[in-house]
Amino acid sequence: MWQYQKKLQYPVDIKQKDLRMAKYLVTQYGGANGEMAAALRYLNQRYTMPDERGKALLTDIGTEELAHIEMISTMIYQLTKDATIEELEAAGLGTNYAEHGQSLYPTDSNGVPFTVAYFAATGDPLADLYEDMAAEQKARAVYENLIDMTNDPDVIGPLLWLRQREIVHFNRFKELYEYYKNMKNI
Amino acid sequence: MNNYNYFDVFNETFLGTTAQNTNNNNNNMSTSILYGPYEGFIKGNLFRNLYQQYKNYQPAPLTPRSEQEEALLNLNQIQFAMHELNLYLDNFPNDTNMMNQFAMFRNTYNRLLSDYENKYGAITINSPTLNTVPFGWVEKAWPWDRRSM
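Which chain is which? The protein sequence lines are A and B, in order.
Be aware that the first sequence starts at 190, since it is given in the working numbering, and climbs by one per residue.
Be aware that the second sequence starts at 23, since it is given in the working numbering, and climbs by one per residue.
Any given hint might turn out to be false.
As the list claims (entries may be wrong) - Result set (DSSO-like, lysine-lysine): computed pairs, CA atoms no more than 27 Å apart in a straight line: (1) A:Lys-206 with A:Lys-270; (2) A:Lys-195 with A:Lys-270; (3) A:Lys-196 with B:Lys-141; (4) B:Lys-141 with A:Lys-373; (5) A:Lys-270 with B:Lys-162.
What the hints assert, rightly or not - Here are the simulated distance ranges between beta carbons: (6) B:Ile-55 with A:Thr-248: 19 to 27 Å; (7) B:Ser-88 with A:Asp-271: 20 to 28 Å; (8) B:Gly-158 with A:Thr-237: 36 to 44 Å; (9) B:Ile-55 with A:Asn-374: 29 to 37 Å; (10) A:Asp-271 with B:Pro-156: 21 to 29 Å; (11) A:His-289 with B:Arg-133: 38 to 46 Å; (12) B:Asn-122 with A:Gly-281: 26 to 34 Å; (13) A:Ala-279 with B:Glu-89: 25 to 33 Å; (14) A:Ala-279 with B:Ile-55: 29 to 37 Å.
Keep in mind the hints are simulated off the structure, nothing from the lab.
Quick reminder that beta carbons are idealized off the backbone N, C-alpha and C, glycines included.
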């Protein structure tokens with residue numbers, strides 16, 4: 190089971206409304222390489238990991254990704270808070286308002302809704318872990334693209350931090366991959 | 023800068039504690055492998071060998087504006103250090119040195135969590151502070167509201 194902690198893993202405090210950036214950033218919420226895809230990918234794959242190490246690592250990283258969904262959601266919420274309909278339309282978010290009002294909704298930057306087709310599960314731990322390593326690298330690259338597109342230090346700080354987490358997770362998955370690769374009878 | 027100096031306070035605390043609990047060799051090893059809790063937290067990475075800077079960007083320094091934010095930053099950085107060692111120990115469950123570090127962070131985390139909740143309200147639903155009406159869980163700000171960490 191899970192227990193909520195009423196705080197963010199890393200602080201988010203965005204003072205400046207920026208609808209353009211929110212429109213790009215939403216992909217790390219509901220896009221192919223976003224945090225929702227990551228959380229569901231690992232938490233779904235963990236059942237068929239061959240031993241307790243894999244079950245532990247996928248559970249613990251999957252759980253951390255849930256905290257990252259909350260950080261990204263918080264960033265989008267703060268970037269769009271109190272926006273008028275005119276401002277939303279001017280930023281290309283009129284269609285989002287028509288469908289969802291002021292709500293958050295997990296899509297990519299093009300407005301394509303989240304789908305579980307973004308991740309795989311093969312039942313093969315090596316194949317699954319290789320996908321996980323690729324997913325972390327792709328998410329890192331997207332964070333770098335996003336950092337390149339803003340000058341707001343309140344946005345850059347959490348993006349740099351989340352990017353670094355992708356690097357740590359990639360390395361942990363790689364260690365587990367190498368461990369399983371050298372194991373017999375998995 | 024202000025007078026909240028986490029890096030020094032926490033490194034002093036932890037290096038002091040480490041020196042008492044482990045031998046010198048372990049102490050040297052742990053301090054060379056790991057960043058201090060504050061530095062690791064702002065970097066998003068406790069492990070020196072895994073850190074990769076992006077272009078010329080430096081991690082954002084976290085500067086609390088109140089005693090509550092100071093207490094939360096202390097809690098968050100220790101929880102982060104504990105989580106980093108958690109992920110490491112998933113892969114290397116027989117690493118005694120890291121297990122000792124983990125236990126040290128966990129002890130500090132439990133103390134800081136209790137101190138924070140006693141002063142500023144519940145972070146977890148099993149907090150002993152949730153014993154009076156109105157129900158404190160719904161009274162305090164939610165994490166996505168601005169200026170809450």
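Handout entry: Enumerated hints in conflict with the structure, sorted upward
Key = Checked against the structure, the hints that fail are numbers 4, 12, 13, 14, while the rest are satisfied.
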